[in-house]
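A.B. asks: Below, each chain spelled out in residue letters.
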Amino acid sequence: MAKIYSKKSLVTRTMKPRKEVVSFLLNYSKALSMIEIDNHSFEIISN
Amino acid sequence: MANIQPPDALLVQNYVAGNEEALSTLIKRHESRIYGFIYSKISDRDISNDIFQDTFIKVIKTLKSNSYNEEGKFLPWVMRISHNLIIDHFRKNKKMPLFRETEEFSIFSIMSDDSPTIENKIISDQVERDIKKLIEELPLDQKEVLVMRMYQDMSFKEISEITGVSINTSLGRMRYALMNLRKVIDKHQIVLTN
Chain A
1 MAKIYSKKSL VTRTMKPRKE VVSFLLNYSK ALSMIEIDNH SFEIISN
Chain B
1 MANIQPPDAL LVQNYVAGNE EALSTLIKRH ESRIYGFIYS KISDRDISND
51 IFQDTFIKVI KTLKSNSYNE EGKFLPWVMR ISHNLIIDHF RKNKKMPLFR
101 ETEEFSIFSI MSDDSPTIEN KIISDQVERD IKKLIEELPL DQKEVLVMRM
151 YQDMSFKEIS EITGVSINTS LGRMRYALMN LRKVIDKHQI VLTN
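As given, the protein sequences belong to chains A and B, one line each in that order.
All residue numbers for the first sequence refer to UniProt numbering, where the first residue is 1 and numbers rise by one.
All residue numbers for the second sequence refer to UniProt numbering, where the first residue is 1 and numbers rise by one.
Among the clues, some could well be false.
Unchecked claim - Estimated spans, in silico, between C-beta atoms of each pair:
#	chain 1	residue 1	chain 2	residue 2	range
1	A	Phe42	B	Pro116	25 to 35 Å
2	A	Ile37	B	Asp114	28 to 38 Å
3	B	Asn84	A	Ile37	26 to 36 Å
Said to hold, decoys possible - Listed next, the in silico BS3-like pairs over lysine-lysine satisfying Cα-Cα at most 27 Å (straight line):
#	chain 1	residue 1	chain 2	residue 2
4	B	Lys187	A	Lys16
5	B	Lys58	A	Lys30
6	A	Lys19	B	Lys28
7	B	Lys73	A	Lys19
No lab work stands behind these hints, which were simulated from the structure alone.
Predicted model only: the values in this text are computed from it and were never measured.
Ideal Cβ positions, reconstructed from N, Cα and C, are used throughout, including at glycine.
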């Protein structure tokens, strides 16, 4: 019985990524700068 | 007062111009849809988080290197990136080790066919038919709820809306339907196993 009644849809609307992931992305974005020299693109990550 | 939100294109423009807050707004605005989309394909929270992260790393790199052109819209573009990463993930996991047939080792020693045999198929068809016959014997209101729930995969909320009764009544009918089925199965000693 419990098995039948507890069936839920896989995706709920409130699904969100972990806070740490978002925080990492924002910090990564702040630290990353791209420069282009002679048609070559360089990524610089500042600490 | 109406809360006016800047469009994605303006946020992208601001981010490219160096406003880091714009990225935070973009992520907050779309995180649920993008993560939900990834999770619907992957069904694993940790891997979904990884793919979400990789998606936005690509987004950040593309925007910072000025390679993004506003031909399409921001969200479909990000969804496309995540879609490609999902495909990459499945491709990577499909890579199988290579086995060569030798005298000591035969590939058939580790391979097996998990599909049901003809006998199993016949038995499960028979069980299926027996269950359908038993369901036909149920009172109409119970039969209706059981068929909608089990065969049409509807939620109790949907069932209650269609049948015009409360969710509790639908749940009760389902419960009685299952109890009645069990009673008949016990009474006639019907074997419903494969």
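A.B. asks: Does each hint hold? Answer for all of them.
C.D. replies: Cross-check of the supplied hints:
1. Checked against the hint of 25 to 35 Å, the pair Phe42(A) and Pro116(B) fails, with Cβ atoms roughly 58 Å apart.
2. The supplied range of 28 to 38 Å is broken by Ile37(A) and Asp114(B), whose beta-carbon atoms lie about 57 Å from each other.
3. Between Asn84(B) and Ile37(A), the C-beta spacing of about 29 Å keeps the proposed range 26 to 36 Å intact.
4. Restraint check for Lys187(B) and Lys16(A): the C-alpha separation of about 50 Å exceeds 27 Å, so the hint is violated.
5. Between the alpha carbons of Lys58(B) and Lys30(A) the distance comes to roughly 14 Å, so the proposed pair stays at or under 27 Å and holds.
6. With a CA separation close to 11 Å, the supplied pair Lys19(A) and Lys28(B) stays within the 27 Å bound.
7. For the hint pairing Lys73(B) with Lys19(A), the CA-to-CA distance comes to about 25 Å; that is within 27 Å, so the pair holds.
In this structure, the hints that do not hold are numbers 1, 2 and 4, in rising order.
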